[in-house]
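Protein chains in written order, with numbering that gives the first Met the number 0: chain A, 0 to 390; chain B, 0 to 390; chain C, 0 to 390; chain D, 0 to 390.
Treat the hints loosely; a few may be bogus.
[To be verified] Over 10 Å on every C-beta distance to chain D, these chain B residues come out as not near it, computed from the model:
{"#": "1", "residue": "S12"}
{"#": "2", "residue": "G32"}
{"#": "3", "residue": "R65"}
{"#": "4", "residue": "D70"}
{"#": "5", "residue": "Y227"}
{"#": "6", "residue": "E228"}
{"#": "7", "residue": "S234"}
{"#": "8", "residue": "Q280"}
{"#": "9", "residue": "H294"}
{"#": "10", "residue": "T300"}
{"#": "11", "residue": "E313"}
{"#": "12", "residue": "S339"}
[To be verified] Ranges between beta-carbon positions, derived for each pair:
{"#": "13", "chain 1": "B", "residue 1": "T62", "chain 2": "C", "residue 2": "Q299", "range": "56 to 62 Å"}
{"#": "14", "chain 1": "B", "residue 1": "R143", "chain 2": "D", "residue 2": "V349", "range": "44 to 50 Å"}
{"#": "15", "chain 1": "C", "residue 1": "E69", "chain 2": "B", "residue 2": "G123", "range": "51 to 57 Å"}
{"#": "16", "chain 1": "D", "residue 1": "S152", "chain 2": "B", "residue 2": "A147", "range": "29 to 35 Å"}
{"#": "17", "chain 1": "C", "residue 1": "A301", "chain 2": "D", "residue 2": "V233", "range": "38 to 44 Å"}
{"#": "18", "chain 1": "B", "residue 1": "R143", "chain 2": "A", "residue 2": "D240", "range": "35 to 41 Å"}
{"#": "19", "chain 1": "D", "residue 1": "A2", "chain 2": "A", "residue 2": "D240", "range": "25 to 31 Å"}
{"#": "20", "chain 1": "A", "residue 1": "L378", "chain 2": "B", "residue 2": "G123", "range": "31 to 37 Å"}
{"#": "21", "chain 1": "D", "residue 1": "V349", "chain 2": "A", "residue 2": "L378", "range": "57 to 63 Å"}
In case anyone wonders, no lab produced these hints; they're calculated from the structure.
Where a beta carbon is used, it is the ideal one built from N, C-alpha and C, also for glycine.
4 protein chains.
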Amino acid sequence: MRAVRVGIIGGGSIAKAHVIGLRSLPSYFGAEGLRVEIPVIADIRRTAAENSAQRYEIDRWVTDWRAVIEDDDIDAVTIATPNHTHAEIAIAALEARKHVLCEKPLADNAGAGESMVDAAQSAGVVDSVHLNYRKIPAIQYAKRLIEAGELGSVLRYRGAFLQDWAANPLVPRSWKFEAGRAGAGPVLAVGCHVVDLARFLVGEISEVSAITKTSIRERPTPRGLSTYEVETDVSEMAPVDTDDMAAMILNFDNGAIGTIETSRVTLGRKNHCFIEINGTQGSIVFDYERMNEIHVATSQTAGLGMARVVIGPEHDGGLVWSLGGLGVGFAETVILHMRSFVKSITTGDVEVATFLDGLRAQEVVQAALASAASGVRELVPRHPIATVPIP
Amino acid sequence: MRAVRVGIIGGGSIAKAHVIGLRSLPSYFGAEGLRVEIPVIADIRRTAAENSAQRYEIDRWVTDWRAVIEDDDIDAVTIATPNHTHAEIAIAALEARKHVLCEKPLADNAGAGESMVDAAQSAGVVDSVHLNYRKIPAIQYAKRLIEAGELGSVLRYRGAFLQDWAANPLVPRSWKFEAGRAGAGPVLAVGCHVVDLARFLVGEISEVSAITKTSIRERPTPRGLSTYEVETDVSEMAPVDTDDMAAMILNFDNGAIGTIETSRVTLGRKNHCFIEINGTQGSIVFDYERMNEIHVATSQTAGLGMARVVIGPEHDGGLVWSLGGLGVGFAETVILHMRSFVKSITTGDVEVATFLDGLRAQEVVQAALASAASGVRELVPRHPIATVPIP
Amino acid sequence: MRAVRVGIIGGGSIAKAHVIGLRSLPSYFGAEGLRVEIPVIADIRRTAAENSAQRYEIDRWVTDWRAVIEDDDIDAVTIATPNHTHAEIAIAALEARKHVLCEKPLADNAGAGESMVDAAQSAGVVDSVHLNYRKIPAIQYAKRLIEAGELGSVLRYRGAFLQDWAANPLVPRSWKFEAGRAGAGPVLAVGCHVVDLARFLVGEISEVSAITKTSIRERPTPRGLSTYEVETDVSEMAPVDTDDMAAMILNFDNGAIGTIETSRVTLGRKNHCFIEINGTQGSIVFDYERMNEIHVATSQTAGLGMARVVIGPEHDGGLVWSLGGLGVGFAETVILHMRSFVKSITTGDVEVATFLDGLRAQEVVQAALASAASGVRELVPRHPIATVPIP
Amino acid sequence: MRAVRVGIIGGGSIAKAHVIGLRSLPSYFGAEGLRVEIPVIADIRRTAAENSAQRYEIDRWVTDWRAVIEDDDIDAVTIATPNHTHAEIAIAALEARKHVLCEKPLADNAGAGESMVDAAQSAGVVDSVHLNYRKIPAIQYAKRLIEAGELGSVLRYRGAFLQDWAANPLVPRSWKFEAGRAGAGPVLAVGCHVVDLARFLVGEISEVSAITKTSIRERPTPRGLSTYEVETDVSEMAPVDTDDMAAMILNFDNGAIGTIETSRVTLGRKNHCFIEINGTQGSIVFDYERMNEIHVATSQTAGLGMARVVIGPEHDGGLVWSLGGLGVGFAETVILHMRSFVKSITTGDVEVATFLDGLRAQEVVQAALASAASGVRELVPRHPIATVPIP
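Whenever a hint applies, use it, and build me the whole structure from the sequences.
Shown next, in the form of structure tokens:
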């Protein structure tokens, strides 16, 4: 099979994950015959482009992403740029009939996301948003349990995504703290993951009430540092206009209720993406920081409470390792997402989060932001679309 | 010192805890000289009254609680009856100048609670509501950490109280499922604990948005069974008009935000009273099911995440055991509350949750119920009172 | 029923537990009609005797334990004195036909233990050693699981009892650090518990290899401080001649193998009494610091790993609380032991650890100490006795 | 820099890990310029060789490993064949002056291991045994803590490696259950990891007492299935002559004591590689199944018990991800080991477990097997070698 030729747009820190994800396919899933090449990487910053190309052994680099999209030899692009640029790049790529993998969140606002979905619907190529947490083997296992009715009817969802990398007020005011470029703070940046998991595992969210908070209202202007490093020069401070904490309560179409909390300033929580789902017959509890286990109550465990299931080949079909308990990390969540993206390109019908999934998450966040402002429970708007069921 | 003579009103399952709590004072805290006698127990059900008296070695039993209140030889009463009867009994007891310990929640509705608080304010005796979770040694330790500024400014509170004893639809429709007698479901029954812990540890709650749900809408009529046992005779079903799940988002006076969730139908959760508090300098995480430990991040643990503190004499002043890790259970939470109640009677100024604390919790629940109905963020009403600070 | 009249011998810190255990029986188990009186307490130290009597509301105190034993009005005694005095007191009490509850370990050496067992065998009264960890509800549940064959044939036992109260070299050299009075260090003091749990749950131990270590070889001479408090005056140091750490490997009669570790100097472990048992069909894992849960794998959980069982009324027969997850602590382990002791006196045939159980534990420890010295795997000697099966 | 050209010998399940490990270096550590090519794979089974080559996109395959070793274009080999073949292949490779990475355990017996070490000493190339658990970021962090004195003097080590993949008696009798090919059971197969971690973190082991057990004495003859799948055809059974459980107690050169347990039949344990180290100033606790955290007590946490450290860039120098809590899995342990192996080849002096480390682990296991047979505490023999300190 001819290799799928992918251009990477954006040479920042997430580009590394994209490279690992794409390049690992033969080593991990050799029997499936997936082949990828990465002929080019683009970054508007010349140094970043050049360095990334050298670092990742990519033959060619460019500073204009349009050069990638216009390249007839390229089949697909991944977009790893700041949120506010996603729409323009993705729509251009779709119009050039490139398959597109866009980093999450889909865009900085739902309106931009709608344009992306509309463009994707008419392009007839594979469009995917990098909501890779669906691909965590424990989450896939939870999905199968729920679909098999092991939890009965779902009554309640709890999703939390708590981090502390921004708890230090000296973490600089990168674009992630600017509404103009990020759209919002963690309510969107990581909230999109827990909203997506809610949709993936429970169903569509109909109504939201929310509150948001910005606990650190100014930060040092960044001076070329990475997003996560503290800035010692505090002579120039810049205002933060994004949330750093949020809380929501939810109603689902199917009658379940739920909560979602997001934060990047909760000390002691590193990547605490926590999911609890309770149904009439059972429950699951998952914490990303211990992603190789999931706690489940089903009719099988009745009288025994929740069982700690350590993930192994019986849960991922032996895709990763053939012995239980060896464990995966963030890399495999990306690798498994990229596998589905590339399989979608080559075979056409594999489950992977789409632009529409990205938009649906964004619509919930948008309703949450509206509720935080209005104090009223808000209906989640849904951009009309030809029938595209939740996978 | 003359023993404090206490009458117990209500011979149901919680009476056992009251007896243990009152009788254990010399054994546990002998050096403090606290002495209690329980001369009488009342229950409207003759058999319950008689059995309780025999079981607990109480000399006398009555079926009319007024006989206890009118007894000049009685110094204090504890009220362990269904919620809708608290106000009448407590107010009568206060008017008879008895010290009163009332089971939580304070009443079935905030209006009744207001009358109780007003009566208590004018009675000049000790009034306490049995919000005993404050007395868990790990919670007392958390309180001291927060007061010492170890968490900095509190930014976020999360309280959850999840049980599953009512997940089985065959658990009978006892008074706990009747709005007329219980006031509400777990949003009040256990929600009062997590609201109280919020107030105790963080401060007053100003605004609430909430949703509630009743997932099991009818249950078998009870036939003399205990509250927690399933009923096999399902020929007669009765409607449930209380919530069995709820979720709230909160604003605090001091700017912190929060969430509270309550349920008695979440399979796999037994008495999962979970507290997380994050501040600008640290965090605490507590789970009642592991009540002898608490997880804390402070400036001391910076760079190391959260430390698991196993509770020992350094945390409770050696009140219970002189060696760390021996552990306490529900009994000690009651014993420690009763210690404070009796000390308040004999010495006058000990910290113990008062009727006002009970009312403040009820007001938050009332606002939550209002918000669940209105879809709007509701202000928490506060019954006016002479200055009574949160301890 | 006439109350059982118990004299307490020894007014140190463990006396508090004895008082709580004996006095709580009506409050906890009222329906069973158990009644106890504590007319007298003895301590060789006049102040301790007097203070204890006052503190615990005991009418009479004496400084000579023989006065308790010779008192015709006393039915039973509990012995809460240093290890090397157990034999003399217990044998005298047995000869006076008093029922005896002796603190663990049974004695300071196996020879003394043998005399106690022989005396008990001929006395025809109830003899019990305070190996109360058997009475932890989670352990009782484990026992039933094993007896029901839920684990299949037991293959492996792991017991550890790790504490850190003596990790500070300034903890004074109390009698617990003197071989002459304690017999040995934690290998005996807490080792007796994990050996007893091995016997209770798995069966008799036939062979032991062991190593021991004394990491802190001298400590300050105690100056009236409690055992667990540090001593600031280090002008006079005394040698420590007991172990502070030990490790054993075990063979059981039934073919299972095992390990036991004990320590009082492992920082971060408070009362980490840890049990793991693996059989051909399942496993259990228990940690005292989280005593209200136990992790079990059985054929029921096959494919799901280990379930976390939160202890509730279904595990203790509703003896303590009628709602799951409320939790017990050290007090209830003593109360439940005292319940069995008193029931044995009044009804004659209740399961409770006997002097023989205490001796069997001691024999294993003795073999371990011998192996530590010899470097050879040692047979565990067994004092011959008329048929007394492990319960 | 010219790429290091590596031939892989052995096309079984662990070959996948070698391929991932070698191929991922530019994607993960691009800035370091490590480049690897895998021109050839060998397997004695023609189908395995051919399939592996196709699966992993390796240009060439051979059935005779000597063809790899004799290939002048090959710089290094990795050996992923059954234990009893390691010595012959490794020694031939060393004599051909190829750098060698040999799977663990180093060999099936210590004698073979000695020959390998001797050959490595004289070859002057890089020799490494795949004891990759050293490379777990949490373990590297523990190493630094210990070297910095944060634990004080180490007093005690506990290592356990418990699995359950062989608990089902229908798991076939593959070579792993044959002493002739495997050398021993889990005491060697996974015991080498926990012995190696003991040496890496604490120091050399001087004496061992041990017991071993074979609980399942026959298994179905394998019929082409993978090692871990059950065999339904039980018409032909074959004897098992390796241990499936073992327990050891240890003395270290530096006075510390320890225990090690290994098993592949403990139900509910998947890859439970558990490490506890206690010193005079602190402790660490690690469980592979939660490899992205480690629990530490140091003087910093004094009074707070053990802190749960979630691994992040501050612990691995940002080698893997730039945000804490994202997590690694088994793949990264191999990738990090391969990084060190390749860096050792290109730069000469990087820490990586050597053949001598492999031999030292084997010597401890050999002493354990001897003690299990003799019942006597055995000195660990040490093959004499020119000064090669533990890294």
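Do the hints match the structure? See the list:
| no. | hint | verdict |
| --- | --- | --- |
| 1 | S12 | 35 Å, holds |
| 2 | G32 | 31 Å, holds |
| 3 | R65 | 52 Å, holds |
| 4 | D70 | 49 Å, holds |
| 5 | Y227 | 30 Å, holds |
| 6 | E228 | 31 Å, holds |
| 7 | S234 | 43 Å, holds |
| 8 | Q280 | 15 Å, holds |
| 9 | H294 | 8 Å, violated |
| 10 | T300 | 5 Å, violated |
| 11 | E313 | 7 Å, violated |
| 12 | S339 | 26 Å, holds |
| 13 | B:T62 with C:Q299: 56 to 62 Å | 47 Å, violated |
| 14 | B:R143 with D:V349: 44 to 50 Å | 49 Å, holds |
| 15 | C:E69 with B:G123: 51 to 57 Å | 53 Å, holds |
| 16 | D:S152 with B:A147: 29 to 35 Å | 33 Å, holds |
| 17 | C:A301 with D:V233: 38 to 44 Å | 19 Å, violated |
| 18 | B:R143 with A:D240: 35 to 41 Å | 37 Å, holds |
| 19 | D:A2 with A:D240: 25 to 31 Å | 49 Å, violated |
| 20 | A:L378 with B:G123: 31 to 37 Å | 53 Å, violated |
| 21 | D:V349 with A:L378: 57 to 63 Å | 59 Å, holds |
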